[in-house]
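Those protein sequences? They're chains A and B, same order as listed. Counting from 85, one number per residue, gives the positions in the first sequence under the numbering used here. Counting from 85, one number per residue, gives the positions in the second sequence under the numbering used here.
Treat the hints as calculated values from the structure; they're not laboratory data. Treat the hints with care, as some may be off.
[Claimed, not checked] Distance windows between CB atoms, simulated:
id, chain 1, residue 1, chain 2, residue 2, range
1, B, 196, A, 160, 47 to 57 Å
2, B, 144, A, 164, 44 to 54 Å
3, B, 91, A, 216, 12 to 22 Å
4, A, 160, B, 98, 38 to 48 Å
5, A, 198, B, 175, 39 to 49 Å
6, B, 245, A, 216, 16 to 26 Å
7, A, 256, B, 277, 33 to 43 Å
8, B, 154, A, 293, 31 to 41 Å
9, A, 216, B, 288, 35 to 45 Å
These numbers were taken from a predicted model, which means no experiment stands behind them. All C-beta atoms, glycine included, are put in the ideal place defined by N, C-alpha and C.
Number of protein chains: 2
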Amino acid sequence: MSVNILNLKKSILDNNDLDADHLRTELLNRHLFYINLMSSPGSGKTSCLRRLYPFLSSRHTVGVLEADIDSDTDAALLQKQGIPAVQLHTGGMCHLDAEMSRQGIHFFQKETGLCPDILILENVGNLVCPAEFDTGAHLNLCILAVPEGDDKPLKYPLMFQVCDAVLVNKTDTTPAFDFSFEKAEEAIRSRNPDSRIFPVSAKTGEGFQEAAGWIESRLQESMSGQPR
Amino acid sequence: MSVNILNLKKSILDNNDLDADHLRTELLNRHLFYINLMSSPGSGKTSCLRRLYPFLSSRHTVGVLEADIDSDTDAALLQKQGIPAVQLHTGGMCHLDAEMSRQGIHFFQKETGLCPDILILENVGNLVCPAEFDTGAHLNLCILAVPEGDDKPLKYPLMFQVCDAVLVNKTDTTPAFDFSFEKAEEAIRSRNPDSRIFPVSAKTGEGFQEAAGWIESRLQESMSGQPR
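Turn these sequences into a full structure, and let the hints guide you.
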């Protein structure tokens, strides 16, 4: 199976925040719920997507935009599992913004012929820059993997501030690491008191039903125009 | 023990590459070997530094510049172990460049009163941006932790291209992860055929004597003006 790759063009718009607000409204009007998934490299973004997909796709048409600086391994892996996915290359850029999201969404629809209800962007693996650029998503998620340590929200404050929920992944490896869930939770809440926290393991599948159920409820709220 | 924190100022120089070359020469003339240590968040930069320190400090005065967006946990940890360290805050910036290195080195000497032979910069945890900015270091090292996966050099090409050596850390956790040393080595060499690769475990201490021995040899070559 061949992987379709889009080389993203750098945005030339001055006001990304305004553009992101426009995109968010436009996508809601098209009944497309857009999710921005962020984390460090190797936290398990692709593996978590593979676990979330069966729950979300039972009620929705779901697609994935895989953003990387190079390689097409993630999109290939998802396609192999039957998940509609396209690969976006950022050309060295460390993040995506609203205009690059727009390019990616257009490319997805052109390549797959699908009109998804849910489109998930796997952002570039980076705890710093992606947090600074609003992609126009309706939901920002990040993953904190147990091997990374419970202190990451203290060191990368903006990421945990802008995220609506944190998936604490690789819980199956807890015995091998000195990781305190209490400390992690305290650190996350110090950045965003309203953040939802889901302990998950992409290896065992633990926790994804709960996370997917919460995503579904957020989608319903957004689509019905209700406040969160 | 109080941690000294410097809030770095944004550089205003246009030509960082030229400035980095100047700094590199200037530091060699002062017999200061400057090392830039990079990795994803949570790969174990601070833990690896704590393991390298005893080997390097048996022959040299060694200091550490701890760069983070926020928090002072790393510098505090190093100081507790008796390692001369200062904390640098980047004010949200995702990397350091040569001028910021200069600010940090000056601050270290002012605060500690030491004139080190070796100064190690723990860069911001990020596999993308720090690779794009020459800090003026004589040696670029990065860490790839086993839990992150063996495919990271394929996705973050520039980092592995600019690094002289890669420490493959957390080898003690290999049984818990699907990580192939052969694949990792192949991926690293595809980005930089000359890269040295050291399997290490900051938990057990494995591999650091070899890594420190290699750093020592690179220091001697630089100081004697010999080619690598």
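Flag every earlier hint the structure violates by its number, smallest first. none
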